[in-house]
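J.: Sequence:
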Amino acid sequence: MALVFADILVDLTSSGRLSVLDPGILPKDYCQIDLSRAVARNIPNDLTIPEECQAYISSEIQKSGRKVAFGGYLEDRLIYHTPQFHEAGEPVRSIHLGVDFWCEAGTSVFVPVDGIIHSFRDNRDPGNYGPTIILSHSTHDTGWYSLYGHLSRASLLGLEIGQFMTAGSVLGQIGTIVENGGYASHLHFQLVQDLQGMVGDYPGVCALKDLEFYQNNCPDPNLLLRI
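Here our numbering is used: position 78 in the sequence shown is 78, and no number is missing along the way.
Since the hints were derived computationally from the structure, they do not count as laboratory data. C-beta: ideal position from N, C-alpha, C; glycine also. Wrong hints could be hidden among the right ones.
Said to hold, decoys possible - Computed spacing ranges between beta-carbons, pair by pair: (1) R41 / T166: 41 to 51 Å; (2) G197 / Q163: 18 to 28 Å; (3) D220 / R37: 28 to 38 Å.
As the list claims (entries may be wrong) - Simulated pairs of lysine to aspartate or glutamate, EDC-like, Cα-Cα distance not exceeding 20 Å: (4) K209 / D194; (5) K28 / E60; (6) K209 / D220; (7) K63 / E104; (8) K67 / D29; (9) K67 / E51; (10) K63 / E52; (11) K209 / D76; (12) K67 / D22; (13) K67 / E52; (14) K209 / E90; (15) K63 / E51; (16) K63 / D34; (17) K28 / E104; (18) K67 / E90; (19) K67 / D34; (20) K63 / D29.
Please work from the sequences and hints to get the whole structure.
T.: Have a look at this one:
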């Protein structure tokens, strides 16, 4: 089933490039950044402190001469080796299941594919998504979902469950550190085939023992965005 889902995502790009940020930001304007455990150990900034993480990412964008940093799908990240991702007796959940787009707070987030609002919630607990919107899509009779995390609180105002969202319309804006769960300003974008009954939330990281399931259920968002 996951292969069928992946094929559907690729097919959606056949009519043109899709984007979750300003379509005027071209693929050449993105720089890829690596925050995996092996790399993070050698970064002088303490990435668990949002302001230091923000400073590091901003410096990397500036050095690259690009506009947006992106990356993170299936990265094993050191920043998740903290209590909220490590329940007693359970392995740490440190493998990232979406793609992050780091840019300035207030940057508009766009709908890449026609969909309806499935659910939304302000996941306020530290280390969570903060304001989150989940869209429901149907392509070739296959249902699937897209999740947008770390938005501004204003992004949730006026939303209605079942509201139709046209591709290319503005969904919301990227939130600040104080409202986005405590992270450097960015969008967490994730694709999900089965939400497993969840509403307004879905795991954005997993433990290694669960990777096979989540990799199938949450394929690489770049199949859709082609950056």
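J.: A separate judgement is required for each hint: does it hold in the structure or not?
T.: These are the hints, each one checked on the structure:
For the pair R41 and T166, the beta carbons lie near 44 Å from each other, so the given range of 41 to 51 Å is met. At roughly 21 Å, the beta-carbon separation of G197 and Q163 lies within the given 18 to 28 Å, and the hint holds. Between D220 and R37 the C-beta distance comes to about 19 Å, which lies outside the given range of 28 to 38 Å. The suggested pairing of K209 with D194 holds, with an alpha-carbon distance near 19 Å, which does not exceed 20 Å.
Restraint check: the Cα-Cα separation between K28 and E60 comes to about 15 Å, which is no more than 20 Å; the hinted pair holds. Of the supplied pair hints, the one linking K209 and D220 holds, its CA atoms being roughly 19 Å apart against a limit of 20 Å. This hinted pair checks out: K63 and E104 have alpha carbons roughly 16 Å apart, not beyond 20 Å. For the given pair, K67 sits about 5 Å from D29 by alpha-carbon distance, which is consistent with the 20 Å threshold.
Restraint check: the Cα-Cα separation between K67 and E51 comes to about 19 Å, which is no more than 20 Å; the hinted pair holds. Restraint check for K63 and E52: the C-alpha separation of about 16 Å stays at or below 20 Å, so the hint holds. Straight-line distance between C-alpha atoms of K209 and D76 comes to about 13 Å, which keeps the hinted pair within the 20 Å bound. The straight-line distance between the Cα atoms of K67 and D22 is roughly 11 Å, inside the 20 Å bound, and the hint therefore holds.
Taking the CA atoms of K67 and E52, the gap is near 19 Å; set against the 20 Å cutoff, the hint holds. Between the alpha carbons of K209 and E90 the distance comes to roughly 10 Å, so the proposed pair stays at or under 20 Å and holds. Restraint check: the Cα-Cα separation between K63 and E51 comes to about 18 Å, which is no more than 20 Å; the hinted pair holds. A hinted pair counts as satisfied when its Cα atoms are at most 20 Å apart, and K63 with D34 qualifies at roughly 15 Å.
With a C-alpha separation of about 18 Å, the suggested pair K28 and E104 falls inside the 20 Å cut-off, and the hint holds. Restraint check for K67 and E90: not satisfied, since their Cα atoms lie roughly 39 Å apart, outside the 20 Å limit. A hinted pair counts as satisfied when its Cα atoms are at most 20 Å apart, and K67 with D34 qualifies at roughly 16 Å. Pair hint K63 plus D29 holds up; C-alpha atoms about 13 Å apart against a cutoff of 20 Å.
Violated hints, listed in ascending order, are 3, 18; each of the other numbered hints is respected by the structure.
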